[in-house]
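Q: Please work from the sequences and hints to get the whole structure.
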Amino acid sequence: GGVDSQNGDRRIYISLFDVQSNEGDLDFETGIWTLHLSCDAGRLDMWLYNQTVGGEFLNYVDPNTTLNEPANARRVISVGSFISRTEWPSQQGGLWGPGGLELGALSNFSNHGPTRDNSVQSNPGGKPEITAPGEFVLSALSADITNAPGGYYTASDGTHLAWKGTSMSAPHVTGLIALLFEADPTLTSSDAKSILIQSADVDEFTGETWNESWGYGKLDAYDALDLATSVSERENNPQISDFTLNPAFPNPFNGTTCIQYVLNPYSFATPARLELVNTRGQRVRFWKLDAKSGVQTILWDARDQSGQPVPSGVYLAVITAGSLLNSQKILYLK
Numbered sequence: 001g002g003v004d005s006q007n008g009d010r011r012i013y014i015s016l017f018d019v020q021s022n023e024g025d026l027d028f029e030t031g032i033w034t035l036h037l038s039c040d041a042g043r044l045d046m047w048l049y050n051q052t053v054g055g056e057f058l059n060y061v062d063p064n065t066t067l068n069e070p071a072n073a074r075r076v077i078s079v080g081s082f083i084s085r086t087e088w089p090s091q092q093g094g095l096w097g098p099g100g101l102e103l104g105a106l107s108n109f110s111n112h113g114p115t116r117d118n119s120v121q122s123n124p125g126g127k128p129e130i131t132a133p134g135e136f137v138l139s140a141l142s143a144d145i146t147n148a149p150g151g152y153y154t155a156s157d158g159t160h161l162a163w164k165g166t167s168m169s170a171p172h173v174t175g176l177i178a179l180l181f182e183a184d185p186t187l188t189s190s191d192a193k194s195i196l197i198q199s200a201d202v203d204e205f206t207g208e209t210w211n212e213s214w215g216y217g218k219l220d221a222y223d224a225l226d227l228a229t230s231v232s233e234r235e236n237n238p239q240i241s242d243f244t245l246n247p248a249f250p251n252p253f254n255g256t257t258c259i260q261y262v263l264n265p266y267s268f269a270t271p272a273r274l275e276l277v278n279t280r281g282q283r284v285r286f287w288k289l290d291a292k293s294g295v296q297t298i299l300w301d302a303r304d305q306s307g308q309p310v311p312s313g314v315y316l317a318v319i320t321a322g323s324l325l326n327s328q329k330i331l332y333l334k
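This note's numbering numbers the first residue of the sequence shown as 1 and each following residue consecutively.
By construction, these hints were calculated from the structure, which means they are not laboratory data.
Warning: the hint list may mix true and false statements.
[Claimed, not checked] What follows is a set of in silico ranges between Cβ atoms, one per label pair, in the way DEER data are often shown:
{"no.": "1", "residue 1": "86", "residue 2": "120", "range": "22 to 32 Å"}
{"no.": "2", "residue 1": "70", "residue 2": "43", "range": "39 to 49 Å"}
{"no.": "3", "residue 1": "290", "residue 2": "229", "range": "23 to 33 Å"}
{"no.": "4", "residue 1": "314", "residue 2": "7", "range": "41 to 51 Å"}
{"no.": "5", "residue 1": "16", "residue 2": "229", "range": "46 to 56 Å"}
{"no.": "6", "residue 1": "290", "residue 2": "14", "range": "50 to 60 Å"}
{"no.": "7", "residue 1": "179", "residue 2": "76", "range": "16 to 26 Å"}
{"no.": "8", "residue 1": "203", "residue 2": "314", "range": "38 to 48 Å"}
All C-beta atoms in this analysis are idealised placements derived from N, C-alpha and C, irrespective of residue type, glycine included.
A: Okay, structure coming up:
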């Protein structure tokens with residue numbers, strides 16, 4: 001297909017069929033098939049997109065970098081799934097569950113980040129952003145459903161079905177974002193994503209975050225709403241001092257990261273500034289900040305004040321306003 005205008009890479013699509021219109025059915029030979037590809041240099045990423053005859057890769061297998069479109073888009077919120085229910089009242093009588101599930105663990109169908117590198121380094125970092133309940137979720141049973149599972153998966157009321165998938169976890173996030181906008185209609189999409197990340201739960205399953213399986217952690221609707229409400233209240237209450245530097249996202253990042261801060265205009269008459277400092281204490285970038293209502297956003301493209309790319313490594317984002325100081329670490333990976 002030539003060079004893709006979006007990322008500078010070449011895309012190859014291979015289809016294998018076991019039916020030919022002129023010759024009838026053709027039986028695939030079972031066993032190991034080998035694909036031979038050659039090029040001068042570079043990396044090739046391959047995925048099994050869809051199949052009906054069975055098959056799997058046997059070598060060079062990487063369990064990560066499996067996010068599908070559109071979850072790999074830069075500005076969307078990519079949602080993974082964790083096990084939120086192991087049994088339910090079934091039409092077959094009593095509580096039933098498929099077994100082998102650990103409450104709170106990652107679902108085995110939840111795809112892993114990060115997104116792949118490409119020729120122009122435009123890949124978004126920090127994917128997925130969050131995980132939410134997705135295995136199993138009791139939802140309305142459509143009268144038009146085809147190939148419905150047996151009665152074990154139908155709730156005892158006959159009108160709800162226990163189902164699993166990121167199609168179950170994504171609506172949790174969608175609903176929460178609607179509540180965030182209800183709490184504060186002035187939020188931007190970046191604000192909403194920042195609130196989800198800041199309020200995410202971390203536990204023994206997620207480990208340290210961000211990571212390629214859990215993103216920034218598990219969805220916490222209560223804390224997210226509390227954070228959105230408290231920010232809104234502080235902005236409308238001149239008696240409350242507010243000086244906040246939110247964690248950058250994505251972090252680690254490759255390309256661009258989002259730095260968000262809040263300076264309450266009722267509290268800060270003095271000039272404020274944001275500086276990015278390397279591990280040697282050298283300032284590589286700075287911005288003058290105005291104290292405005294709401295969450296403010298600065299995008300850093302991993303370049304210094306003169307526009308030159310900076311090397312990979314740890315950087316410190318530091319906001320100072322008068323005698324106050326706040327800082328967050330940012331990891332840049334090329």
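Q: If a hint holds in the structure, say so; if it doesn't, say that too.
A: We went through each hint and held it up to the structure:
{"no.": "1", "hint": "86 to 120: 22 to 32 Å", "result": "45 Å, violated"}
{"no.": "2", "hint": "70 to 43: 39 to 49 Å", "result": "23 Å, violated"}
{"no.": "3", "hint": "290 to 229: 23 to 33 Å", "result": "24 Å, holds"}
{"no.": "4", "hint": "314 to 7: 41 to 51 Å", "result": "27 Å, violated"}
{"no.": "5", "hint": "16 to 229: 46 to 56 Å", "result": "54 Å, holds"}
{"no.": "6", "hint": "290 to 14: 50 to 60 Å", "result": "54 Å, holds"}
{"no.": "7", "hint": "179 to 76: 16 to 26 Å", "result": "19 Å, holds"}
{"no.": "8", "hint": "203 to 314: 38 to 48 Å", "result": "26 Å, violated"}
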